[in-house]
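S.K.: The chain contents come next:
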Amino acid sequence: MSDRRNLFNRVWDLHTVRTLPSGQSQLFIGWHLIHEVTSPQAFQMLRDRGLKVMFPERTLATVDHIIPTDNQARPFVDGLAEEMMSAIEKNCREFGVQLLDLNDDRQGIVHVVGPEQGLTQPGITLVCGDSHTSTHGAFGNISLGIGTSQVAHVLATQTLALNRPKVRRVCVTGELGPGVFAKDVTLHVIRKLGVQGGVGYAYEYAGPVFDRMTMEERMTVCNMSIEGGARCGYINPDETTVEYLRGRPLSPAGEEFERAAQWWLSLASGPDAEFDDEVTFAGEDIEPTVTWGINPGQSVGVTESLPQLDSCPADERKGIEEALAFMELNAGQPVRGVPIDVAFIGSCTNSRISDLREAAAVARGRKVAPNVRALVVPGSQLVRKQAQAEGLDEIFREAGFDWREAGCSMCLAMNPDRLSGREMCASSSNRNFKGRQGSPTGRTLLMSPAMVAAAAINGHVTDVRDILEPATV
Amino acid sequence: MAEPTDSRVEQVRGTGIPLVLDDIDTDRIIPARFLRCVTFDGLGEHAFEDDRQQDPAHPFNSARYDGAGILLSGRNFGCGSSREHAPQALMRHGVRAVVAESFAEIFFGNCTSLGIAAVCAARDQIEQLAALVEADPTLEITIDLTTSTIQAGDFSCPCTMPESARVALVTGEYDFLAQLLSAEGDIRNTAGSIAYLNQFSGSSN
Numbered sequence: 010m011s012d013r014r015n016l017f018n019r020v021w022d023l024h025t026v027r028t029l030p031s032g033q034s035q036l037f038i039g040w041h042l043i044h045e046v047t048s049p050q051a052f053q054m055l056r057d058r059g060l061k062v063m064f065p066e067r068t069l070a071t072v073d074h075i076i077p078t079d080n081q082a083r084p085f086v087d088g089l090a091e092e093m094m095s096a097i098e099k100n101c102r103e104f105g106v107q108l109l110d111l112n113d114d115r116q117g118i119v120h121v122v123g124p125e126q127g128l129t130q131p132g133i134t135l136v137c138g139d140s141h142t143s144t145h146g147a148f149g150n151i152s153l154g155i156g157t158s159q160v161a162h163v164l165a166t167q168t169l170a171l172n173r174p175k176v177r178r179v180c181v182t183g184e185l186g187p188g189v190f191a192k193d194v195t196l197h198v199i200r201k202l203g204v205q206g207g208v209g210y211a212y213e214y215a216g217p218v219f220d221r222m223t224m225e226e227r228m229t230v231c232n233m234s235i236e237g238g239a240r241c242g243y244i245n246p247d248e249t250t251v252e253y254l255r256g257r258p259l260s261p262a263g264e265e266f267e268r269a270a271q272w273w274l275s276l277a278s279g280p281d282a283e284f285d286d287e288v289t290f291a292g293e294d295i296e297p298t299v300t301w302g303i304n305p306g307q308s309v310g311v312t313e314s315l316p317q318l319d320s321c322p323a324d325e326r327k328g329i330e331e332a333l334a335f336m337e338l339n340a341g342q343p344v345r346g347v348p349i350d351v352a353f354i355g356s357c358t359n360s361r362i363s364d365l366r367e368a369a370a371v372a373r374g375r376k377v378a379p380n381v382r383a384l385v386v387p388g389s390q391l392v393r394k395q396a397q398a399e400g401l402d403e404i405f406r407e408a409g410f411d412w413r414e415a416g417c418s419m420c421l422a423m424n425p426d427r428l429s430g431r432e433m434c435a436s437s438s439n440r441n442f443k444g445r446q447g448s449p450t451g452r453t454l455l456m457s458p459a460m461v462a463a464a465a466i467n468g469h470v471t472d473v474r475d476i477l478e479p480a481t482v
Numbered sequence: 059m060a061e062p063t064d065s066r067v068e069q070v071r072g073t074g075i076p077l078v079l080d081d082i083d084t085d086r087i088i089p090a091r092f093l094r095c096v097t098f099d100g101l102g103e104h105a106f107e108d109d110r111q112q113d114p115a116h117p118f119n120s121a122r123y124d125g126a127g128i129l130l131s132g133r134n135f136g137c138g139s140s141r142e143h144a145p146q147a148l149m150r151h152g153v154r155a156v157v158a159e160s161f162a163e164i165f166f167g168n169c170t171s172l173g174i175a176a177v178c179a180a181r182d183q184i185e186q187l188a189a190l191v192e193a194d195p196t197l198e199i200t201i202d203l204t205t206s207t208i209q210a211g212d213f214s215c216p217c218t219m220p221e222s223a224r225v226a227l228v229t230g231e232y233d234f235l236a237q238l239l240s241a242e243g244d245i246r247n248t249a250g251s252i253a254y255l256n257q258f259s260g261s262s263n
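Residue numbers (our numbering), protein chains in the order written: chain A, 10 to 482; chain B, 59 to 263.
If you're looking for bench data, these hints aren't it; they were derived computationally from the structure.
Mixed in with the good hints there might be a few duds.
Among chain A residues calculated to face chain B with C-beta under 8 angstroms, some are [to be verified]:
#  : residue
1  : 24
2  : 28
3  : 32
4  : 47
5  : 130
6  : 138
7  : 139
8  : 154
9  : 155
10 : 157
11 : 166
12 : 265
13 : 391
14 : 422
15 : 449
A short list of chain A residues far from chain B (calculated; beta carbon distances all over 10 angstroms) [said to hold, decoys possible]:
#  : residue
16 : 81
17 : 114
18 : 321
Where chain B lies over chain A, by a calculated footprint (3+ residues, C-beta under 8 angstroms) [stated by the list, open to error]:
#  : segment
19 : 33-42
20 : 49-57
21 : 202-208
22 : 285-297
Bear in mind the structure is a predicted one, so any value in this text is a computation, not a measurement.
From the three backbone atoms N, C-alpha and C, an ideal C-beta is built for every residue, glycine too.
Looking at chain B on its own, in the form it has when it is part of the complex (with noise of 0.2 angstroms):
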């Protein structure tokens, strides 16, 4: 499962699929039974399987987006539960950037962490956006983390992202564990420093 990590993401190129809606829910990208697992294989088949069953116009059953790299979506995008699971299945479908008004902090930090682009724009912004890829689901869509900036044809708006996310994945520093694996040291004389992992005998405060 390890993720390579000289694989920087200075840009993201691909189509784009619009869900802009509110406070989609971790639950809703990957239903919890398909959590019943020890891989993450398999997964990508099965996002946003329940809103796909109950809604047959859902984009994700839509041959026009086949192939799409670019989810645009709205407020509070990934909700609700911690799961890894769902942004696997997204990337597993194929998603690599999601664009949205707002994210939800843990699924921010696991896309993060398997190299996938989260990005926030404007409102307005996403909404105009999503136009365009409806009324032509081939519009390339190019998402530039160095410049910060979405640029579709003549379409082109500011994006952002907290500034240590950007870093690691423009410089593909975004697999942490080497880098925190490397303080071993400074790790083993924090925990001597601290009161309750040495029977609170020390006056670290």
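So that you can see chain A by itself, here it is in the shape it has in the complex (with noise of 0.2 angstroms):
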């Protein structure tokens, strides 16, 4: 008999303990990532208890969402940050967790990490306590955001109670256009299915367009299934993903890692795999698409108008109205030419090299709009080094951005980069939900990080392929 599970289940399977008495299943968890936010608490759990880390060795921490990008400087000015940073390099040594901190070359966005270290594999589980752990299903495996009982659980047992959820195979046909980035690709799902449509789903993206793509491209897409409401997001593993993996420190080497690969490739969805739902897109019909409310569903592309009420649902009228008031946006009005205040590209959406390498096409040789804040924010130091090595830095400086240090920054406002007041803000991170960049009243546009660069340019939202010469896009 053929084995027409999907990717989803066969990882699912692999890793079943048991079932519950509940009807949950326990399923083993092959890594486990923890940062400074989620984790602290969790660790008290198992110090009340008397319990130890199960398998510390599956156990990688790193520092990202508090730390300041600018001053690092030991002790940090704010103090809360100084002492979750305490804590979690006591936690760390206290339970025997490698921690990669600000003095280790390897830190940077937990979600940045995982990849560039090769731990991050097709077949595996893996969760950490941050809702964009989805950013990893790029490899074809389970990766699963949690709460911080849920770290403590995995801290304790290496495994989760949990309920198997369904899987929709998201396809994307046909071929993008220029100046059509994986960013455009995720916005415009989460916009034509909602933010809640994923509930119940991990969604396979499933395609020529997802084919195609590099696995930096992946990463962003899959990084916002949980915008979308989905548990998690995956791509099946093909040769991309397996040269991707080759050499990198923490991947196989060898015969081993050649073995490995067979593996890899042996879990995707087959042809005639069984889904639970099924949706397509058309590649051609997704543009550069900006948000302009204030959830990730609120989105039009760059050439279109804000929705008008009287055309959309009775039902989503109250909550069009709640945004436009909060953005202070009309309705019917242009995207584009929307003014903005600051520009920041970073986040463990889009701070990859591929990410900054794009928008840096965008920079190079023009200037920031006069009254624009902008800043580039690497996804780890290792990213900020690679593009140091390529002079990408030098192009952002000359523009006019400030170029930073690895971390969260302004995505979510736990550290010192924030809006401020009513700020606009065009945005390369994840949420634009009200008050998420820092600001209580501080607004967001999400848009592909070369939108942003061409945002700041000219200080309004604006069509990157109008900036982009025709013949590097």
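Both chains are sitting in their own frames, so use the hints and assemble them into the complex.
M.R.: Shown next, in the form of structure tokens:
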């Protein structure tokens, strides 16, 4: 009998320890990533119960959310950040967990570090106390964001109690036009399926558009799965996956790598694999996409206008009115031309070397508009070094961008990089929630890194296709 | 931070607080700057802090709803960040149950871990109940997880929750740590059978 299981179900079955009395699966977790924000209470839970970390060699810690990206001298200026930093250092020492701290050049945003080190591989289960853990699914595995109680569960038992989600295949056919990036694909999918469209599902992204993507582009897509309500997202492993992993520090080496690659490729959903649901989009329909509201589903193509209230479903009007009022934008106005105050390139969604190259291609030889504060924050120290080796930092500096140290920065308001007042920010991050970027009344427009660079140059939302030379797109 | 494992959650009784909006994210429930902490202490007073600052009429500002234990909301409640600080803040504010049209999944799981009953009900019934609460904030609401019903005065409606969570709450076994730990032998056997944990030497698939 042929095995018609999709990759998700194969990996789930492989890691199932047993079925719990509640009906949930007890699932073995291959890798546990931790950071300073959601782990201290979990370690305390272990301490309170006299428990140890069961598989300390399967946990890796780094620091990203709270660290300053300019002055990193210890103690940090923010006493609370310093307390959290000290806590993770102490906890990792006490429980025998490896910590990539600021003195380690492998430090960075947890979802950039895992893939970069070759830790993130096909076929594994991976969890982290952070919703954007879905990023790692780009390699063809089960990668889930979890809460702090669950962090304690994984530390103490290397397992979790979980309900198996359904699996939806999200196909994008055809080709993307020039100036359309992975970020636009994921924003388009969320716009069409809604921010809660994925609840109850894991997403398998399939079809020629994803097949052609690099691993970094796939990470951007999987990263935003959670914004569409999905529990996680993944892309089947292929030769692109295998070649990305070859030679990375935590990848298998030599003959073991070849055995691993064979196993990885064998996990992919077959042509007759079964899914609970399937949706298809055409790559040609996807434009550079920009959010205008207060959730990532409230977006339009850059040549479009904001929705008219009378053309919206009745049950969405209240939310749209709330979003327009908060954003101080008008129903029906074109999104192109909306003025910005801040431009942020960074975050676990878009801070990898290819993101910085794409933004630099726009910034090269141009100047950030007067009155726009612009910053570029690499996702890891290694990304930063690579960018500097390529001269990208100089391109950004000359254009008027700040060039920072690695961290989560202005994505989430837990470090000194924040909006102030009513500032409007063109951002390559993942969330445009009210107050997300640090000012309770600050406003966010999500878009690709190249689109952020274009907005920075012109001082307002711009179609990046109008800036890029035809030859370079 | 250990939750008692013998506290069965069969019924939740309390007054309500209506906040029937869609897509309320965890950044709104507890803004990120309050996550700069190493314990969950003190989060309760900051629940919905920024929304409250910007909207004097926010229900969490109103003395009418002081002491309310049952939050009424809309679709996709608790979306966004996985921060357990969000249900912790609600719990420490006094919320023992949330009735919504639907929940984001990580938030739902976090609620169950804390013994908070997060139940779904139909939108029109949530709105009907919210109107009753607005008219009379002292109205006592009972969520009965053994019969999956919500009752308040003459009002009554069904509610739903994934069966595994309902059983966990009703039996008081929502602290999964001890349960998971009891299978240490099986855990180690599973680890021994997975290819990538064993130099890809096995043929497991």
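S.K.: Taking the hints in turn, state whether each one holds.
M.R.: How the hints compare with the structure:
no., hint, result
1, 24, "holds, 7 angstroms"
2, 28, "violated, 10 angstroms"
3, 32, "holds, 5 angstroms"
4, 47, "holds, 7 angstroms"
5, 130, "holds, 7 angstroms"
6, 138, "holds, 6 angstroms"
7, 139, "holds, 6 angstroms"
8, 154, "holds, 4 angstroms"
9, 155, "holds, 6 angstroms"
10, 157, "holds, 4 angstroms"
11, 166, "holds, 4 angstroms"
12, 265, "holds, 6 angstroms"
13, 391, "violated, 23 angstroms"
14, 422, "holds, 4 angstroms"
15, 449, "holds, 4 angstroms"
16, 81, "holds, 16 angstroms"
17, 114, "holds, 26 angstroms"
18, 321, "holds, 13 angstroms"
19, 33-42, "holds (count 4)"
20, 49-57, "holds (count 5)"
21, 202-208, "holds (count 3)"
22, 285-297, "violated (count 0)"
Hint compliance for this structure: hints 2, 13 and 22 are not met, and every other hint is.
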